[in-house]
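Student: Keeping their order, the protein sequence lines are chains A and B. Each residue of the first sequence is one higher than the last, beginning at 1 in this note's numbering. Each residue of the second sequence is one higher than the last, beginning at 1 in this note's numbering.
None of these hints come from the bench; they were simulated from the model. Where a beta carbon is used, it is the ideal one built from N, C-alpha and C, also for glycine. Treat the hints loosely; a few may be bogus.
[To be verified] Here chain A is said to cover these stretches of chain B; the calculated rule only asks that three of the stretch's residues, wherever they fall, bring their Cβ under 8 Å from a Cβ of chain A:
#	stretch
1	42 to 54
2	61 to 69
3	72 to 82
[Said to hold, decoys possible] In the BS3-like style, the derived pairs of lysine-lysine whose C-alpha atoms are separated by at most 27 Å in a straight line are:
#	chain 1	residue 1	chain 2	residue 2
4	A	K177	B	K25
5	B	K25	B	K79
6	A	K177	B	K79
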Amino acid sequence: MAEATIFNAEALFNMALLTGLAVLTFGIARLRNLFGVVVLASIYSFLMATVLVVLDAVDVAMTEASVGAGVSAVLLLSALHLTRMEEAKPMRSTLLPLFVAGVTGAVLVWGTLDLPDFGDPTQPIHAAGPDYLERTVPETGIANAVTSTLASYRGFDTLGETTVIFTAGIAVLVLLKRGTRRRNPKPGEGGDAL
Amino acid sequence: MTYVFLAGLLAVLVGLALFIARALKGPTIFDRLVAANSVGVAAIVFLALFGFFTGRPEFLDIGLTYALLNIVGVFAVLKFFRYGGLGSAGEEP
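All chains, please: the whole structure from these sequences, using the hints.
Tutor: Printed below as a string of C-alpha cells:
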C-alpha cells in the first residue's frame, strides 16, 4: 500500500512539475524583457532540478541547480550588461524557425520511441547493475556507486564532458574580458584585473 | 506519517504554482525576482519533504546546497542593479 502511494505520488509530482515547466517555457518565449527572461530561466532550472530529484537522479539535479540556476544566471546577467535590456523585434517572419523547432522536437520525440520502457528490468542498465554494485567497492574503493560509475567506469566520458564545459567557460571569460578592456582604455586600470 | 509528508508536498506544489503565476504575470521585474527566490525556497522545502517521504532524509544536504546557490544568484542580481554590471570590481577603497 505504501509503495503504491509513493509511486503514484511521484507520477503526480512529475506531472505537476512538468506542467509548470511547459507553462514557463511559453512565458520565456513570449517575454521581451531580457532581464525577466534570465529570472524565468533560473526558475526553470530550479523546477528542472526538482523534477530530476523526483526521477531519482540526484547527481544530475545538483548539476542542474548549480549550473542552470547559479552559474548560468550570473553569466547571462554579465552578458546582459554588454547588450540591451529589451529583445529586438524579429526582422523576418518567425514561421521558418518555428517550423525547424517543431520538426526537431518531433524527431526527438520519435527518437524516444526507440528507448526501452521506463524501469524495464531486462535492459542492460538494470541487468548489469548488481554486477557493478558488487565490484565497485573492491575495484575502486568508492562507496557511492554513482560516483564510481561517473568517475571510474565511464571516466573518459566524464573527462570529455568536463573538457567541453571548461572550454566553454574559457570562451566566455575571454569574451567578457575583451569587453572590459574596451570600456577602460587606460592601461593598468580595470582591464587587467578580472 | 507518510501521508503527512504527502500533504506537505502537495501544499508546496500549490505554492509553486502560485509563484510561477506571479513570475509570469510580473508586472515589474522585482515581482519576478521575488517569485524566483520563492521558487528556490519552495524547491528546497520540496526536496527536504521528498527525502523524508521516500525514506531518504540524506536529501537534506542537497537542500543546503540549493540554499547556498540561491544566495549566489541574489548577490549577482543585486550587484547588477547597484553597479549596472558584474565586470566592475565594486566600490573603490
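Student: Would you list, in rising numerical order, the hints stated earlier that this structure does not obey?
Tutor: 4
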